[in-house]
Amino acid sequence: MDLLLALTIIAGLYMAWNIGANDAANSMATSYGSKALTLKQIVIVASILEFCGAVFFGKNVTHTIAKGIVPIDILDEHLVALGALAALLSAGFWITLATYYQLPISTSHSIVGAMLGFGLAAVSQNYLHISDIHWNVMGKIVLSWIISPIFGALLAFLIFTLIRMFILAKFEIDRVEHIFKYLQVGTACYVAFAHGSNDVANATGPIAAALGYMGQQMPVWVLLIGGLGISIGIATWGYRVIEMVGTKITELTPTRGFSAEFATATTVLLASYFGMPISTTHTLVGSVIGVGLAGGLASVNLKIVRRIIASWLLTVPVAAGLAIAIYTVMVIFL
Amino acid sequence: MKFVRSVTDVFGYSPFGALKQHAELCGKAIGLLQKQFEAYRRGEFDKVEKFREKIDELEYKADLIKEEIRTNLTRSLLLPVDRHDLLHFLEVQDEIINYCEHVGHMVTFRCVKAPENIWREFDILLAKIMETVNKYEELVDHISRLIASSFTKKEVEDAMYHVKEVEELEHECDLIQIGLYTLLFNAEGMDPLDIHLMVTWVSHLGEIANYTARAADRFRIMVLGRG
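Chains as they are written, first to last, in my numbering: chain A, 1 to 334; chain B, 335 to 561.
So that you can see chain B by itself, here it is in the shape it has in the complex (with noise of 0.2 Å):
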């Protein structure tokens, strides 16, 4: 509108609806991740094919987001936390979505044959990742009302809180990796390159994990190390 002098220039571009839909765009990729293994159980590989685009459309979205950010997070910014934290963490919660985008890539590579009980594991060990994610959904959520709180005390420490519920279910994904890799080292009769391939999911279904627990992490670094 011309003929206005306003004071809207003083407000900021603010990065924090994006982080969370960043954020957002990871839990979904996991249960689209959930629902490509389902599928690779039953043998609808088409089915399979499909879930790998659709993850890889959601990890180039939120590649946007995380460009978005990047792009107007300058210095001349007066944001409630620390510039360079926000930033890390938003690096270590994009690392959820490429590990997400890494499983979906390395489920389509082979025909697995594997026993009814270690298909088992696997279904417990996404579940327990989905609620993870899901837990560090609601973590993020919490920034929102940090924000119009403008962090009080109280605040702070309920999403402390939440950060070690992430980190408890972090380890309890870990104690379940634990048993995936030693069920599938003592498999008898199974192809040693299918066990290769499936001990690989293991160990990037626990990035995921440990990535979603880092960015807790630093969620807490960031809102802890203002001032």
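Bound-form chain A, shown alone (with noise of 0.2 Å):
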């Protein structure tokens, strides 16, 4: 059981720095595109955000996806933890793979795929009733899905119109611009805490399952692992991604990244508020779509729309799928 426990937050911290190489990276790219920060800056910034929005708004999203999608209290601690586990290495692989292919797809919706795999598999063992599974939360996760890029959207569109209307066409755009560049430093914290508080769940949710988690309370150590790893993804791999990502995008000119990142983080911390596991990512390029509608970017490709939704439909039965063959597996084992 211990060794079980080890390997589920090793998993774990696995699943956290690659959320903070790749998700948050994106995030704060923007920053470091319009050089209002330097990458050293970003990456310490980044990391202090992304580690308290993680400890101290990690909760609600973490009990969802601990006990949200299966009734763990109803069973065997054991399988719980096998079941956690195996969350974790199927999403975690999907995640590596889909990365490789980059395909642009959400580890919020790879570990909810995974954990529904879990309960599935469980069912198939006849440990649970198929309408055990809480099919409502399943409901309204997806719905959150759905709703939180489009939200975004509207938002940033929002955002942007009233910069639009009150500020660039009242004062010089370059002045406009500079003074952006800083507030924009503002928002892309506002995006790395939104971020940590949400993401951190995708690493911390199995580990606190696995911890037999029954009560309201968790461990705190449980949310500081979460977003240490996620830090220690930023610094060592996130750097590179912010680079890339930094450079191009440009177009984002700060008034745009500021609109497109305070409705990302504002739609993000609301999830977490409500404990919906949604994509920051998606939300960020729903947001990036709605400063386009506001006529604020040159061109906005629509076509990753089509791309993402593609990911949904593909990441939910692969992750389950993935999910229920290891632990299969891993019950036969161990």
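Honestly, the hints are just simulated from the structure, not real lab data.
Errors might be hidden in some of the hints.
Unchecked claim - Some, not all, of what chain B presents toward chain A, calculated at C-beta under 10 Å: (1) Ser340; (2) Thr342; (3) Asp343; (4) Val344; (5) Ser348; (6) Phe350; (7) Gly351; (8) Lys395; (9) Ser410; (10) Ser484; (11) Thr486; (12) Lys487.
All C-beta atoms in this analysis are idealised placements derived from N, C-alpha and C, irrespective of residue type, glycine included.
Mind assembling these two chains? They're in different frames, but the hints should get you there.
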């Protein structure tokens, strides 16, 4: 059991590392692109804020992933530990594979799919009845995946339109952009905090489940581990992603970056409050489209919407399928 | 870079830089046309031929840019202006350099003898066309500020003022053209074939100015027709 828990923590750390390396980096990249901060400053600021978001605000989503989908309290502790490990391994594997092929998948969707897979495997072994799985929560989660990018788009559209009407129309463009360069540092931090609060659960949810986390209280060290993993991810790999993405999204000038980031962070933080594990990246994409719809960008490629929807349809079954397979193998051998 | 999931895919192909480049090529082609006429008057026909080649090259480059824009401007792009308006604008702008090429060729057909006053009028016409196209290039330059400000009222008004300026210059070209036609059709002692060719030059040079004004108009339609 201790070995199992250690493995789960390692797998959770890998998951957190992934989240820091890719998603956190994406959300902070605009500040690098606009040269508001240096790479070193971004890495430090992002690590701290992701960590704070995870530790202070990561509880609700962790709760949803740990016991919101699969009713772990009515299952055997050992099975839950196996299931949590299987979910982390399958999600981790899928994320690594999809990242290699540069598919715009979400870590949140992967872990939700994987936890569902664990639940279904338990059903197939008659430990659970199919109706024991919290389908209503699952439905809410899926709904939040659809709502969050749309909400981000609406909010970003609104914010950018206000900036356009009241600021860009009245003042010198270059001066406005210069001022927003610094304001954007604030929104980038806001995104980092919100991202930490939501995505940390992808790593900590299964760990919390494996700990046999029954009541409302969860040891703080679980969130600390998640936050630490994300920070390490940013520092060891994320800076390269920040560099690459930052140089490519110069189109997102400070006023646009501010609008998109503010909308994304607000949406993600709201989702964290409601305990909904959503994708920060997809919300950011939605927000950028919102700025584009407000006439703020030279060109937005709407093909990405199709790719994101495809990634939704692909991620949940694949992550669930992998979790079922890994869990079944583990039940036989462990 | 492998092992990176990035959000950069959300940014699509932007045609505006290429549009500006295309307009710049039009301006360069007219500059060469002016030089070609000067060489013609001095009787340096090998140079005239060289300038024709250079103008051809510019036209070819412009065609490549046009193709690039048309290939990449798919319907899945969300642009701040209407896609059809933009393509139509490009089509008209492309005619500017096409007519430069036509004139560049027509100059090489025959060695024309004409009185000095007619040549002087050609100089004036070419200079006015150059002025028109330079103004036009400035107009197209507005696109980056329009996008940066996301088409605020002030920037749109500035651009629209520029459209009018181009149209006024085109009108001045028209007047010079009319004067040249009158001179040519009343030229005593000129070879009728020379007159015919020079008249063709005038009408084709006129088309350069016409298409410049029409492109400016398409620019206006594109900018005002947003939303």
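Numbers of the earlier hints that this structure fails to satisfy, in rising order:
8
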